[in-house]
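Taking the hints into account, I'd like the entire structure generated from these sequences.
From first to last, the protein sequence lines are chains A and B.
Quick note: to get this note's numbering, add 417 to the position in the first sequence (first position is 1).
Quick note: to get this note's numbering, add 417 to the position in the second sequence (first position is 1).
It is possible that part of the hints are untrue.
These stretches of chain A come out as covered by chain B in the derived footprint (C-beta under 8 Å, 3 or more residues) [said to hold, decoys possible]: (1) 769 to 779; (2) 796 to 807.
Derived coverage of chain A by chain B (criterion: at least 3 residues anywhere in the stretch with Cβ under 8 Å from a Cβ of chain B; other residues may be distant) [said to hold, decoys possible]: (3) 651 to 659; (4) 698 to 708; (5) 718 to 725; (6) 742 to 751; (7) 810 to 821; (8) 845 to 852.
Since the hints were derived computationally from the structure, they do not count as laboratory data.
All C-beta atoms in this analysis are idealised placements derived from N, C-alpha and C, irrespective of residue type, glycine included.
Number of protein chains: 2
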Amino acid sequence: MSQHLQAALDYARQHEADFLAGLQEILSFGSISTSEEHLEEIEKTAQWVARRLERLGMENVAVMPTGGHPVVYAEWLGAPGKPTMLVYGHYDVQPVDPLDLWQTEPFTATLKGENLYARGASDMKGQVMACLNAIEAVTQTGKLPVNVKFLIEGEEEIGSPSLPAWIEANKQLLQADFCLNPDAGMLGKDHPTITYGLRGLASFELTVSGPDHDLHSGVFGGTVHNPAKALVELLAGMHDENNHITLPGYYDSVRPLSDDERAHLAKLPVGDNFIKQQTGVPEVWGETGYTSVERAGGRPTLEINGMISGFTGTGQKTIIPSSAMAKITCRLVPDQEPEQVYEQMKRYLDEKAPKTIRWDLKMYGGGRASISDIHKPWVTALEKAMETVWGTPPLFKREGGSVPVVGMMQSAMGMESVLTGFGLPDDNLHAPNEKTHLPTWYKGTETLIRFFFGL
Amino acid sequence: MSQHLQAALDYARQHEADFLAGLQEILSFGSISTSEEHLEEIEKTAQWVARRLERLGMENVAVMPTGGHPVVYAEWLGAPGKPTMLVYGHYDVQPVDPLDLWQTEPFTATLKGENLYARGASDMKGQVMACLNAIEAVTQTGKLPVNVKFLIEGEEEIGSPSLPAWIEANKQLLQADFCLNPDAGMLGKDHPTITYGLRGLASFELTVSGPDHDLHSGVFGGTVHNPAKALVELLAGMHDENNHITLPGYYDSVRPLSDDERAHLAKLPVGDNFIKQQTGVPEVWGETGYTSVERAGGRPTLEINGMISGFTGTGQKTIIPSSAMAKITCRLVPDQEPEQVYEQMKRYLDEKAPKTIRWDLKMYGGGRASISDIHKPWVTALEKAMETVWGTPPLFKREGGSVPVVGMMQSAMGMESVLTGFGLPDDNLHAPNEKTHLPTWYKGTETLIRFFFGL
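Put into structure tokens, the structure is as follows:
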């Protein structure tokens with residue numbers, strides 16, 4: 418082992434308390450990107466990240482405007498002949514509702530045993546800080562053995578609407594050999610994981626309306642189509658009895674799972690029991706003909722993310738509500754196109770919606786799925802670093818989540834991403850009581866340090 | 418015409434402004450009965466009604482406690498040999514949400530043209546005040562030609578949970594020849610109406626739950642049954658393709674409409690176009706094999722009154738919600754029993770709910786439907802009064818709404834109710850911008866005065 422690597426690893430171990438303090442600091446910002454109310458917190462977080470990158474000796478640090486929330490850019494290119502790595506991250510977080518289910522304040526990072534609880538602790542301020550801490554350990558003990566660029570965006574949780582144009586406009590600036598994207602997680606604390614496939618996303622809001630005001634359910638009940646009823650009929654019909662999605666043409670461009678891949682996925686330690694443990698559901702569910710692992714990574718979905726209509730307070734209110742709304746997202750696999758799915762859903766509604774109601778479909782955004790080559794040198798370097806730290810080789814998996822930026826890097830610059838991360842399946846991503854497991858997080862920093870030296 | 422009747426009618430005409438001011442006063446109380454927050458307003462309203470009854474010369478006026486909100490009782494029994502009429506009313510009102518759809522403050526009665534806008538203007542503070550004003554006109558110009566008792570409750574909009582026990586305990590006090598219940602409406606401003614049938618009600622809350630927290634729809638999408646999805650499947654299945662309700666045994670005790678009655682109902686001026694005009698729906702809807710009028714009054718329903726699950730704010734949140742809830746009410750016809758319907762819904766859920774989710778069904782309350790004999794003398798008296806005031810005989814209809822107290826009076830005391838009222842179909846009952854049409858309301862007062870003298 419090089420002296421510098423050893424010094425960097427020692428530095429990281431000695432500064433765990435400082436690293437934790439830094440994480441707590443960035444987690445104190447309520448950088449929720451879904452609504453306008455948090456713009457100031459978004460701006461503060463971007464500035465905080467920029468100052469931190471400057472402190473690490475990064476150059477050309479800039480908080481760069483986009484059409485929406487700013488991107489933090491930084492670079493250090495002092496390692497001629499070495500590869501250049503573009504580190505991707507996002508500093509924005511999901512909303513925190515339902516707030517009453519949080520056991521601690523979402524923006525006051527709270528230590529309980531080995532876990533740190535806060536919105537963004539795992540997704541993904543924790544992962545961004547693991548990268549920054551690894552850089553700090555290396556730069557405080559010598560020179561980086563690799564060239565590095567940073568792209569830390571603020572719109573990931575809303576589907577990165579401003580990023581495609583921004584990347585397009587900054588292609589030259591972003592040139593690199595590969596992208597390190599630590600926005601994917603691990604399959605368990607003893608299972609370091611490299612993700613080679615990601616699902617895409619298409620996101621919708623469907624509103625059904627009928628009467629122009631809420632009606633007395635006694636006076637009009639039985640004579641008009643209840644919009645909540647019409648909505649549930651339309652939603653229920655979007656899957657058949659085998660839990661296949663019924664949007665016309667939905668599976669036409671779905672790339673089938675090969676027998677090889679199915680055999681490989683069968684080895685992952687995430688069977689039905691794992692899912693039951695992680696979620697508390699009484700039984701697993703899904704498309705007939707596929708295992709849970711196959712369904713989670715290799716098959717598309719259609720989910721209701723939220724639904725509202727009429728009176729939902731205490732007691733009863735005997736109305737026929739005038740409208741009903743559902744938020745829907747489809748997770749996509751290669752080679753589905755988000756815009757195609759929008760057309761398929763419109764066709765479904767055109768064909769199925771009755772004349773007794775009106776409907777409106779809004780598309781929020783989307784991104785394509787992606788699949789990467791796992792034999793590239795940077796993948797091998799990460800694989801080795803993980804094996805050293807955990808004493809076991811990483812698992813290779815297809816991830817059910819969506820990281821639209823991976824598709825953007827691919828299509829705009831032909832750049833492949835190596836996807837990893839140190840979050841765990843029970844980190845409560847996008848849910849109350851999000852947390853990160855600190856011993857795993859420290860291992861992540863060590864892994865990244867070793868990775869930099871292995872490139 | 419008797420001199421006294423003429424004097425009472427003159428008094429009513431001369432005091433229209435005072436009557437309006439009184440109505441505006443009672444409408445200023447936010448006596449919403451569905452939630453605990455409005456207890457003080459409930460109490461204030463009951464006291465206001467009691468003071469008003471005292472001012473009219475009523476005796477033994479009392480705000481009487483029940484298990485829930487108080488009942489206002491009053492009587493005047495100074496007309497020996499004359500019938501005794503029990504006037505039923507309720508001083509509570511529906512909630513006001515969605516508040517942003519109101520064009521005026523719901524508890525600041527606002528005059529616009531011939532209409533007065535406020536929550537309760539039509540349902541039913543307006544009707545209660547029409548009775549009190551009629552009594553005032555008669556007592557200020559002489560002695561009442563009829564004995565009268567008042568029962569004004571505060572829980573009608575939550576299904577009158579405390580009333581059955583209270584009536585049971587006060588049977589002696591409430592003895593009367595018939596009940597005048599002005600909580601039913603008219604079919605149009607030129608169509609005075611007497612309602613001889615009412616639907617009953619059974620009210621439920623159905624919750625479906627799955628994962629013990631909201632899940633990331635990428636990580637777990639395709640492997641667990643989305644509770645919102647499971648709920649919409651269960652709700653959608655509660656009607657078949659003919660819009661028949663599928664709860665097992667639901668129609669077993671439904672009394673069929675006779676051919677005579679169907680012929681009679683066919684004469685009511687409330688066809689499909691009327692419903693489209695009143696509601697703004699593009700097409701009417703309902704059970705195959707019945708007309709709109711038949712469906713509204715003579716057939717049972719199952720309606721979703723409200724629904725909530727997951728994220729419903731601005732933007733998207735890619736979760737699988739941990740639970741989903743729907744509020745459901747069934748409108749019942751003779752001879753359905755609310756508790757039977759509860760058992761039928763439980764059986765439906767037992768049979769249909771998949772093992773992938775958990776469900777919970779709560780029953781809020783209910784009441785039986787009722788049908789009355791339209792040849793009783795008090796019905797004839799009201800019929801004559803209406804014909805005199807409007808110049809046209811009243812229509813006889815079955816009402817789609819539910820007035821549980823009518824069933825209670827029947828079962829506890831064998832007392833029949835004469836149902837009428839001076840609200841119009843476009844009064845926005847239970848909805849934003851509730852209003853009452855003042856010229857019709859004044860005619861209502863005149864009708865009641867003539868009715869008292871005709872008994």
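- Ascending list of hint numbers which this structure does not respect: Of the numbered hints given earlier, the structure breaks just one, which is hint 2.
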